[in-house]
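Asker: Protein sequences, first through last, are from chains A, R, F and D. The opening residue of the first sequence carries number 1 in the working numbering; numbering runs sequentially from there. The opening residue of the second sequence carries number 1001 in the working numbering; numbering runs sequentially from there. The opening residue of the third sequence carries number 2001 in the working numbering; numbering runs sequentially from there. The opening residue of the fourth sequence carries number 3001 in the working numbering; numbering runs sequentially from there.
Treat the hints as calculated values from the structure; they're not laboratory data. Beta carbons: idealized from backbone N, C-alpha and C, even for Gly. Hints may contain errors.
Straight line, CA to CA, 27 Å or less: simulated DSSO-like cross-link-like pairs of lysine-lysine [what the hints assert, rightly or not]: (1) F/Lys-2212 <-> R/Lys-1212; (2) A/Lys-80 <-> F/Lys-2167; (3) A/Lys-284 <-> A/Lys-250; (4) D/Lys-3273 <-> F/Lys-2167; (5) F/Lys-2212 <-> F/Lys-2223; (6) D/Lys-3103 <-> D/Lys-3273; (7) D/Lys-3294 <-> F/Lys-2167; (8) A/Lys-389 <-> A/Lys-423.
Listed next, the stretches of chain A that the computed footprint assigns to chain R, with coverage defined by at least 3 CB atoms under 8 Å from CB atoms of chain R [claimed, not checked]: (9) 162–168; (10) 322–330; (11) 337–346.
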Amino acid sequence: MQDDVILNISDLHKSFGAVRALRGVNFELRRGEIHALAGENGAGKSTLMNIIDGILQPDSGIICWNGTPVSIASPTEAQKLGIGLVHQEIALCPDVSVAENIFMSATNISRRLLMDYRALEDRARSILGQLADIDPAMLVRDLPISHQQLVEIAKALTLDCKVLILDEPTAALTEREAQILFSIMRRLADQGISIIYISHRMVEIFDNCDRVTVFRDGQYITTQTVADIAPSDVVNAMVGRVVDTLYPDKMRPQDGASDRTPPILDVRNLSEAQRFRDISFQLKRGEVLGLAGLIGAGRSEIVKGICQLEGDVSGDISLNGTPLSIRTYGDSIRAGMVYLSEDRKGDGVFLDMSIAENISALDLGLVGNRVGTIDAARETDLAETLAAKLNIKYGRLSDPVSSLSGGNQQKVAIAKMLSVDPKLIFLDEPTRGVDVGAKAEIHRILRDLARSGVGIVVISSELPELIGVCDRVLVVREGQISGEVSGEDMTEENIMHLASVLDAADAQLQSA
Amino acid sequence: MEKSINLAPPATQGMGALKKLLRMRETGLILIILALCIGMSFASPYFLTWVNIRAMVMAFAVEGIVVVGMTILLISGGIDLSVGSVTALAMVIAGWLFLQGIDPWVASLISIAACTGIGAFMGFFVTRVGLHHFIVSLAVMVIARGACLLFTGGRPIGLFTLPAEFKFIGQGAIGPIPLVIIIFLIVVLAFDFMLRRTTAFRKVFYTGSNEKAAAYSGIRTKKVIFLTTTLCSALCGVAGIIYMARFGSAQPTFGLGMELNVIAAAVIGGASLNGGSGTIFGAILGAVLLSVVSSSLALLDVSVYWQDIIRGSILLAAVSIDHYLNKRRR
Amino acid sequence: MEKSINLAPPATQGMGALKKLLRMRETGLILIILALCIGMSFASPYFLTWVNIRAMVMAFAVEGIVVVGMTILLISGGIDLSVGSVTALAMVIAGWLFLQGIDPWVASLISIAACTGIGAFMGFFVTRVGLHHFIVSLAVMVIARGACLLFTGGRPIGLFTLPAEFKFIGQGAIGPIPLVIIIFLIVVLAFDFMLRRTTAFRKVFYTGSNEKAAAYSGIRTKKVIFLTTTLCSALCGVAGIIYMARFGSAQPTFGLGMELNVIAAAVIGGASLNGGSGTIFGAILGAVLLSVVSSSLALLDVSVYWQDIIRGSILLAAVSIDHYLNKRRR
Amino acid sequence: ESGLRCEPGETYIMNVMVSGHPYWVPVYQGFKQAAEAFGCETIFSGTPDYDITKQIASFEQDMVKQPAGILVHPMQSDPFIEPINRAIENGTEIVTFAADSPKSNRTAYITSDNLAEAKFAADEIVKQIGESGQYAVLENPGQSNHDLRVTALIDYMEANYPEMKLVGRQATNQDSTAAYRATASILQANPGLGAIWIPEAGSAEGAVAAILEAKSDVLVMHADITPATLEHIKAGNIHMALNPNQGMQGFMGFLATFMASHSDVFDPFNDYKVSGYNPVQIPFVDNGFAVITKANADSFDLNTYMEGRDPS
Ligand SMILES: Nc1ncnc2c1ncn2[C@@H]1O[C@H](COP(=O)(O)OP(=O)(O)OP(=O)(O)O)[C@@H](O)[C@H]1O
Ligand SMILES: Nc1ncnc2c1ncn2[C@@H]1O[C@H](COP(=O)(O)OP(=O)(O)OP(=O)(O)O)[C@@H](O)[C@H]1O
Ligand SMILES: [Mg+2]
Ligand SMILES: [Mg+2]
């Protein structure tokens, strides 16, 4: 049994200044197992992975590789040992082609003198082929964020490694891509490769992993065989208390408006040259509306078009019964309509600015006084209130957002949206990377907002979330709304059906 | 100081003023400058005389106004290589208009307006055409220098006949303190305050830190960049007018190489060339550092053949020490 | 050409060579330069003569070697303001050693080694101390200029006694083609090929595009940056030696302002100041554009007082047109 | 005790901009030699940069040391009026050299006569290539003495030799690469070019390289000298150079400053006592220039001259 352990970590400590990210954690990884790592946002999961990959150095502790203590000084050395890591945050070279990104490590250690672009692209195409239709010759900067995530995964799959670490790889993937990934993971595990899998989705852990280790607040809690334990136990171990992870109640009759009040949002015949056409839908008072679809279907584009963030759209939009004539996103914010981006690192947060400064960015009027100067106390107040409401784990409000864990960064992005008391919020992958407890909390906040009359539109690639949170789901396929489900019909099967291209004919039948 | 209020975490608000000071980005630089000054006051009995201090401050005060504009531009993510030529052009236009018989105050306003126009021209190419600040301002640097030559035929314009009230801007003093220094201090304090505290200037930081995220926060980033570019040139115009009043002449070759000096001051003071961070206070400390080093070498009669080597080495050492101190403090 | 293989999407692999050409980043620049040349050949009968072309190429060939180094450095995310002084220092060191009685070839090697050392020195401060390229190279620019003064006492060194075989590097010709141009072409072609095709140089792109991502892939990014910084200075050394052989003297004041020219050429040619993109071919086209404009203005005997204005305007127009063409093509 | 001697510690300063430039080296030698003769101390000061604010700062710092006199090369005339007058009020006598600040109260101005240089060059060109022909100039707009050398030559040609045609006029700003490019283009556009006049030596180096490469036999004349142009004169590639008499400039500069400071030996027949100005007023001293040809070139090697001397 012991011979089977490829990686053993004991009593590892790591601090960032005053923040004690890891406080004596243990971790054991066996050959050929898929080992899940669970814990709340900021529990220290990514920090441990960065230490294993040589990006960070531990303050103290022992890392044993095949039974011998090692110190891993850099990613290069990790690579030599046979460790591969898919980062939680996408880290690709935007000016370089997809193929070169995928084979960057290989290029780095290759003893070949010359690049063979054609071979590189062919190989990239065959690897990408199983995941999605991405042209390997494209520059990464031209890819949407979800495709970038797939490139990250493809990149990891090319590594010739003994231990593969996946840090929340499915956060922005739809069911379909996720399932492909799981089958690849199982195949690799069968070949004897060990996989560390980090996710906040319990279903994924319980469907695909062999064992699970739980961290809480930088401390090791337990390691269990998945077969011997229930999802609720894992959640309880993560949070340290019993949490209610159920989705909030759906819309009640009294939440809705009488027939006389107009819908919050009324979109008619919205089109854009290339990305979508003829989009019409309404968002009723009290309702949480979902947008489902495959990667690249155009959901984000539609919503960004409504907010005037991107593209040159035509069509009519009314908010609370008044037709909108907004020309910039600034106008949209003033009208009370805000958009939470799916790409938090790219356009969601200011990484090198403080948490407080991030939260007040949407409307500085909130923290300014009449003469236009910033009231530091009000800025702190605003940030503190929202940080508490969303349960953000931080050291000081003046710390840069880059020092937060991924899930906490996402919460800052959400706090920013809530700061302006909007009338209508579009949330693109709102719980990307957020832990179970906080996720339930966010869902409750959304429902409360909807009850108080705020319009909520959620785009999510996680179907259970859509089904759990939304009252009604619109399905987008190739830039068009291909159908709508609500109530009893809101099942994963029905949504997938409407979303997938293969069943286009069926879908038309159904919506007719 | 304002910054510490802004940045001080709740837990530390009870800390002593000293600790607050030690947290500031600028503390390292202040210490380095103090160390230099203390060393110099032993090395030369003249260093701490009022005349010497006045000469040192006068040497960077007007350029300091340009440093302010450059720092704000750098924070927004831009850069401007044309500051030297535009400053010279401001002198030349105002001087030329004055010689055509126009009232010097009106001539100055026209000249500052012209410089503002140049800034807007650059801002247009950056935000509408989509070119990089570097290349646009390089082209404008050449064009503005050419315009200086064209206005003057390459010869300095003598403006001895400028009225005394006008020359007072550059040569007068209130009590013992030259008006130039007073203007400089007002500009620095005003912009330092605005940059730290006003909502309008906060947008400059957002834009420079992550232009896309700023746009996704409803900030009209192109407008911000356009305005910072314009402001920088406008401040060059102001500086040019003060120089004209101070020197009583307009020199077409003025300000050659000024851009590197000005950018260096801002960068030493903590401004990032990638945008998103920097302070006026820090940038001015950078200018002070450069000036103190130059003045000290001149005062000590260091051989010219050694001056550049020493100057560059002190610069490198100071920046390294400052970097080290900042890293440690965090 | 190689690049188009890289960039061409599969669907277009059957396209004609023309279409491929039109897809290249550099096509816009080539068209602009051709348009300028055609215009000029009508304006002046001398423009298209071999002697004139040769003179135009000679005017940027040696600087072109520095442009190569700068472009690679820019791609890796760095910048170097010291190129002018380091080139001058290369001349001065080699010249000084030669006057001390050392064989000129040995002196040249020592001098190039010294410049390489300067590059390594800068690379150290950037990668180990963690300072920004801008400020480090600014300090070294001042220090190297000071070293030039120190070696020469500020006086140009006359090297008329250099042996003829050595002067041949800078003054000789193989057939009708000056050796300088041949060396230039070899350097350009070699580095262009390496940058496009060798695995080692691709790491420069990865590092400049996203240093963190490159580091995560196991690339030793600090080493890459160290090496590109060193390479740029080494190429300045080579350029300095060629200048020395060509002019038969070593001028301590040589290359003032060269850095802006060199960076401008690279940026016009498509190099990004944020790192990650650029080509040698494009950068050389940028240098050609600048040179053709200057030569044309001289050939047409445009008034000195108008030249700068026209030069700057053409630069701005060319960059705008190029940008527009590139945007449209995508 | 009387006599023209310095008190112990009596110091004279020479202040310049771009202080690393070799032009100042022989000037300062002349200054120092004169000072030694009178038992005075000297300092070489100024700014290494081409920057008027820095030069003024260094000038004001010189004043802090209370020297007896300063020989200054004011980078621009008018900006120095106020500092010069203030220095004189503080008891430091000021003399300008090579560039003047005429509206200030400086007591003397020592310079080369750029007009005389230009006239000499024009006459020499005509003597060599005849009264009708083509000539070109390189220039350095904004630097007054270089400007003067060029404009005066052109004016003199127009006035006295109307058949001489100016066919090229390019700014090269002392940059040998720019001069190479400009000269090559001028040669291209004007195959009949007979002569070229260059107001400084840096551009001359580039121009000669272009002329040699084009195998042209254009007559080159320039002002100032560097080792490389000196060799070109010896080799016959450059016809002649006109070099201001720098040593004399420094020597006379010291004398004028020293005399101004020791004006008590002089009681002229004028109003100085009531008007309060310094009696030793010297409006203009021409330090003259040397004509360097193949024949005397060997005497103009600055490096040889400086052997065994202290540059500062
Ligand atoms: N560079 C840093 N500077 C300061 N604190 C840091 C830094 N990186 C991480 N931390 C802190 O370390 C703790 C652990 O962070 P880590 O990223 O490991 O959490 P995580 O378990 O991966 O969370 P998530 O599920 O949100 O990704 C957090 O409190 C975080 O704020
Ligand atoms: N900058 C861009 N340039 C060209 N095409 C783009 C760009 N951004 C997005 N697209 C394309 O627009 C289509 C819609 O992308 P979008 O991001 O809206 O998908 P989505 O439905 O939101 O799915 P997801 O966000 O999960 O990827 C995709 O085919 C994408 O490739
Ligand atoms: Mg994490
Ligand atoms: Mg999307």
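Asker: Is the straight-line distance between the alpha-carbon of A/Lys-389 and that of A/Lys-423 27 Å or less?
Answerer: holds (19 Å)
Asker: CA of A/Lys-80 to CA of F/Lys-2167, is that 27 Å or under?
Answerer: violated (51 Å)
Asker: Residue count check for the stretch 322–330 of chain A against chain R: does it reach three with CB-CB under 8 Å?
Answerer: holds (count 3)
Asker: Just to be careful, I want the Cα atoms of F/Lys-2212 and R/Lys-1212 compared with a cutoff of 27 Å; is the pair within it?
Answerer: Distance of about 20 Å is within 27 Å: holds.
Asker: Does F/Lys-2167 sit within 27 Å of D/Lys-3294, going by the straight-line distance between their CA atoms?
Answerer: Holds: D/Lys-3294 and F/Lys-2167 sit about 22 Å apart, inside 27 Å.
Asker: Against chain R, does the stretch 337–346 of chain A show at least 3 residues with beta-carbon separation below 8 Å?
Answerer: holds (count 3)
Asker: Are the Cα positions of A/Lys-284 and A/Lys-250 separated by 27 Å at most?
Answerer: holds (14 Å)
Asker: Can you confirm whether chain R covers the stretch 162–168 of chain A, using C-beta to C-beta distances below 8 Å and requiring at least three such residues?
Answerer: It is violated: at least three residues are needed, and the stretch 162–168 of chain A offers just 0 whose Cβ sits closer than 8 Å to chain R.
Asker: For a C-alpha distance cap of 27 Å, please report whether D/Lys-3273 and F/Lys-2167 respect it.
Answerer: violated (66 Å)
Asker: Hinted pair, alpha-carbon criterion (27 Å max): F/Lys-2212, F/Lys-2223. Please report holds or violated.
Answerer: holds (14 Å)
Asker: Assess, step by step, whether the Cα of D/Lys-3103 is no farther than 27 Å from the Cα of D/Lys-3273, and give holds or violated.
Answerer: holds (21 Å)
When the structure is compared with the earlier hints, violations turn up for hints 2, 4, 9 and for no others.
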